[in-house]
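J.: Listed below, chain by chain, are the residues.
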Amino acid sequence: MSDVPARIRGAVHAAVGHDSAVAHVTGAARYLDDVPIVSGTLEAALVLSPHAHARVRRVDLSAALAAPGVLAAITAADIPGKNDIAPMRSDEPALAADVVEYDGQPVAAIAATTLDRARAAAKLAAIDYEPLAPVLTIEEAMARESYVSPPQIMVRGEVEEALARAPHRLAGELRCGGQDHFYLEGQIALATPGEASDMHVWSSTQHPTEVQRGVAHLLGLPFNAVTVEVARRVRRPSSPASPPCSPGRHVGR
Amino acid sequence: MSAVRFLLNGTPCSEDGAPPSMTVLDWLRTRAHLTGTKEGCAEGDCGACTIVLGRRIDGSLQLRAVNSCLMMLPQIDNCAVLTVEGLAGPDGALHPVQQALVDADATQCGFCTPGFVMAMFAFHHGGEPADTAIVHEALAGNLCRCTGYRPIAAACRRVAHGPADRFVAELPALADALSALPVGVDYHYGEQTFLAPRSLAALFAAMAQVPDAILLAGGTDLGLRISKDREALPLVISLEAVDELRRITPAADAIEIGGTVTYTDALPDLDRHFPSFGALVRRIGSRQIRNLGTIAGNLATASPIGDTIPCLIALDATVTLASRSGQRMLPVESFVTGYRESALAAGEVIAAIRIPLLAAGQDFAAYKVCKRFDQDISTVVAAFRLERRGGKVAELRAAFGGLAARAMRARSLEGPVKGRPDALLARDFTPIADHRGGAAYRLRAAAGLLRRFQLETSLAEPMRVEAL
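If you read the sequences in order, they're chains A and B. Residues 1 to 253 in the working numbering are what the first sequence spells out, letter by letter. Residues 1 to 468 in the working numbering are what the second sequence spells out, letter by letter.
Take these hints with a grain of salt, some might be off.
[To be verified] Dumping the calculated EDC-like pairs for lysine to aspartate or glutamate here, alpha-carbon to alpha-carbon at most 16 angstroms: (1) Lys-123(A) - Glu-195(A); (2) Lys-228(B) - Asp-58(B); (3) Lys-228(B) - Asp-116(A); (4) Lys-123(A) - Asp-229(B); (5) Lys-82(A) - Asp-98(A); (6) Lys-123(A) - Glu-139(A); (7) Lys-123(A) - Glu-231(B); (8) Lys-371(B) - Asp-45(B); (9) Lys-228(B) - Asp-45(B).
[To be verified] Derived, one-sided and incomplete: chain A residues facing chain B with beta-carbon distance under 7 angstroms: (10) Arg-9; (11) His-13; (12) Ala-14; (13) His-24; (14) Val-25; (15) Ser-90; (16) Asp-91; (17) Cys-176; (18) Gly-177; (19) Gly-178; (20) Gln-179; (21) Tyr-183; (22) Leu-184; (23) Glu-185.
[What the hints assert, rightly or not] Residues from chain A that keep clear of chain B, each with C-beta distances beyond 12 angstroms, as calculated: (24) His-18; (25) Met-88; (26) Asp-116; (27) Tyr-147; (28) Pro-151; (29) Arg-213.
These are calculated hints, taken from the structure and not from any lab test. Note that the Cβ used here is the ideal one computed from N, Cα and C, for glycine as well.
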C-alpha cells in the first residue's frame, strides 16, 4: 500500500488545456476560410431548390453562364463520374438530377471570378419545378412505406407464442427527434486541379476519406488521384468539397 | 479624395478603394487580412463577427461591442476599431479575457471564440459585477455550438469588476489619436455614395440633393440587405454624425429620445422611468445589436414585431418628424400605418420620440413572448398602461405586436368589458400562423399576458413572474 503513487501517471485526472486554446483566443487559429487563396481561384455559388419535394422539369443556365465573370455553370448532367456522395448507401447526389428532396438541395453550381459575381449569376438560373407533396411525418412515411433504410425488427425465438403465453403484455412507442451539431463554422472547400486528372481538395470536414471517395466518384477517378486535406477539423462529416471539384475540372482552375 | 479613416488596433488606417456596401467584416477579412473575426451567420445573430468600436463621447473613449457583419464600411469612419488580433500585448502576453478563456477550458472547435473574446473585452471594460444574469445578458449575442457555455460564462465572471488591462492606460492616447482624424466626410466609390452630414441643416440639404437615398441610423435592420441579400445600396445618408439627433432631453413630465439614440444609450433613462420597458429592451437582439440599433429606427422600420412600438403606443408616445420646412408631431399610434409602412414623408427624419412619464396612479408593464429568451423575433409583445383613480380603473391602454400587420391597440380590451380576453382580442386581431406561433396560440398568449398584468398590478407586493 505504501507503494501507491500520490498521482496517477499520465494525463488521466489531470487538467490538460486544449492544445489550440491560445490560437483560438488570439484569432491565430486558421480555418479554411482564413487561408489566403491563390489569385485566379474561382468562387462557386450553388443554385438551391426552393421546394421540399419537386420534379426538376427544366434547367436553363444560359443567363447565368452569360453573366459577368462566370466561367462555368454545371448541373448533374455535367458530372463526369457518378453523381453520388452518400456516406453509406447510394442515395445522395451532389447535384439533384430529376427530383429534389429537400428545401435547399443544390441543383446547379456556378463558378465565377468573385463570390459576388457567382451569387449574382446563380440568381439568373431559370429552373422549372413541378412541386410534389413532401412526406413530413413518420406516420405518412410509414403509410407510404417510404423508408431511408428497411425497418429493423429485432426478434429471437417464437415471439407470437411467447407473447400469447405471457402473463403480462406491454406495448408502447418511443420517439426521439433528430439532432445536428450545427457547428458554427460554415461548410467550405477549396479544390485545385493537379497534373493529369489529379485533384487536391482542402475541406472543412471531419472525414477526409469520405470526401475523397465522394470526389473520386463524381470525377470518375481512382481514389489515389484525389488528395484531401483538413484545415482545422469540424464536428461532422460532410461533403462541401464536391461542388468546387466539377467546375474546377471543367475549367482547369 | 474621399476615404474612410479610422484606427485599426491603434494604427491609423485609410480606405478609399472599397465600395460603401462592403461590410466591415468583409473589409477586415479580405482587405486587412485579419481573419480572426469570423463570419458565422452574416445576420447579426451568432456574434462570431464581434469587434469593439471606440468612439469619442464627451472627451473619453466609449467602447462598444458590435456585429461587423451588419455594418457598412463607412460606419467605422472616425472610430477606433479593435479586433481579436489587437488584444494580446506587444510581447504576446494574453489579455486577461483571453487568459480567462484558456484557463477555464472554454474553447473546443474555437470558431466562436474570437467573437466571445471581443464581447467579453467590452464587458470587462464596462466594470459590471460577476452576476450570472448580467453575464448571460452580456453574452447573449454570442453563440457556441460546442462547449455548452458553462466554461465561457465562468471565464466571463472572472473578468468582471474590470477594467484592469493595458488598455486602461492606452485609451486616452487612443482617444487623442482619434481626434486627430478628420471628422466624417462623404464617401464615394464607383456607383455608390455614402453621405455623412454633420448637422440637421446639412442632413436636409443632402436629402434634397439625393431624394432616393436611404437613411441609415444603426443599420441593424438595413444591414441585412447588405449582409444577406448582398445588395449594393447606391445611395445612403448616415445620421450618425448629426449631433442634434443623439440627445436625450428630460422634461418635467416627459422624456425625449433623439432619433439616433441607441438602445444602449437609452437604457439608463428607460430603467429609471419605465423599468419594464428597460427590461424588454434588454431582450431585443443582443448588446452588439443594441449598441448600434436605435429606438427611432425600430419605429421607422414599422415591423409588426418591432418590440418598442407596442410599448410606445401604450405609453402614449409622440414622434417628432423634422424636415426642411419645420417639424410636426404625431402620436406613435398614427405614425405606423401598415406592414413596414409609416407616415414618414419624403424629406423627413424622426427627430425625437417623446414619452410622457408615468403619473401618480399609473402602472406600465411590457412583455415579450418568443421561442428563445434572447436574440429572437417576438411571437407576441404586449404593453399595458393602467391608470387607477379611487381604486377603480380609469384608463387602460393595451397594445400588442405580433398579432397583425402592425402593432396596434386592442380597443376591445380597453373599455368596461365582459367576456374572455382571447375572444375579445379576436375582434381586433386576426393573427397569422407561422413557425413562431399559430393564430390561436398568439391570441391565447396575448390574453395570458393581460392576465399576468392584472395579477401583477393587483398584488399588494408588486411582483414579476421572472422573479420567481
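J.: It remains to establish, for every hint, whether it holds in the given structure.
T.: Each hint tested on the structure:
{"no.": "1", "hint": "Lys-123(A) - Glu-195(A)", "in the structure": "violated (33 angstroms)"}
{"no.": "2", "hint": "Lys-228(B) - Asp-58(B)", "in the structure": "violated (35 angstroms)"}
{"no.": "3", "hint": "Lys-228(B) - Asp-116(A)", "in the structure": "holds (12 angstroms)"}
{"no.": "4", "hint": "Lys-123(A) - Asp-229(B)", "in the structure": "holds (11 angstroms)"}
{"no.": "5", "hint": "Lys-82(A) - Asp-98(A)", "in the structure": "holds (15 angstroms)"}
{"no.": "6", "hint": "Lys-123(A) - Glu-139(A)", "in the structure": "violated (36 angstroms)"}
{"no.": "7", "hint": "Lys-123(A) - Glu-231(B)", "in the structure": "holds (13 angstroms)"}
{"no.": "8", "hint": "Lys-371(B) - Asp-45(B)", "in the structure": "holds (15 angstroms)"}
{"no.": "9", "hint": "Lys-228(B) - Asp-45(B)", "in the structure": "holds (12 angstroms)"}
{"no.": "10", "hint": "Arg-9", "in the structure": "violated (22 angstroms)"}
{"no.": "11", "hint": "His-13", "in the structure": "violated (15 angstroms)"}
{"no.": "12", "hint": "Ala-14", "in the structure": "violated (12 angstroms)"}
{"no.": "13", "hint": "His-24", "in the structure": "holds (3 angstroms)"}
{"no.": "14", "hint": "Val-25", "in the structure": "holds (4 angstroms)"}
{"no.": "15", "hint": "Ser-90", "in the structure": "violated (30 angstroms)"}
{"no.": "16", "hint": "Asp-91", "in the structure": "violated (27 angstroms)"}
{"no.": "17", "hint": "Cys-176", "in the structure": "violated (20 angstroms)"}
{"no.": "18", "hint": "Gly-177", "in the structure": "violated (16 angstroms)"}
{"no.": "19", "hint": "Gly-178", "in the structure": "violated (16 angstroms)"}
{"no.": "20", "hint": "Gln-179", "in the structure": "violated (11 angstroms)"}
{"no.": "21", "hint": "Tyr-183", "in the structure": "holds (5 angstroms)"}
{"no.": "22", "hint": "Leu-184", "in the structure": "holds (5 angstroms)"}
{"no.": "23", "hint": "Glu-185", "in the structure": "holds (4 angstroms)"}
{"no.": "24", "hint": "His-18", "in the structure": "violated (6 angstroms)"}
{"no.": "25", "hint": "Met-88", "in the structure": "holds (24 angstroms)"}
{"no.": "26", "hint": "Asp-116", "in the structure": "violated (6 angstroms)"}
{"no.": "27", "hint": "Tyr-147", "in the structure": "holds (27 angstroms)"}
{"no.": "28", "hint": "Pro-151", "in the structure": "holds (30 angstroms)"}
{"no.": "29", "hint": "Arg-213", "in the structure": "holds (24 angstroms)"}
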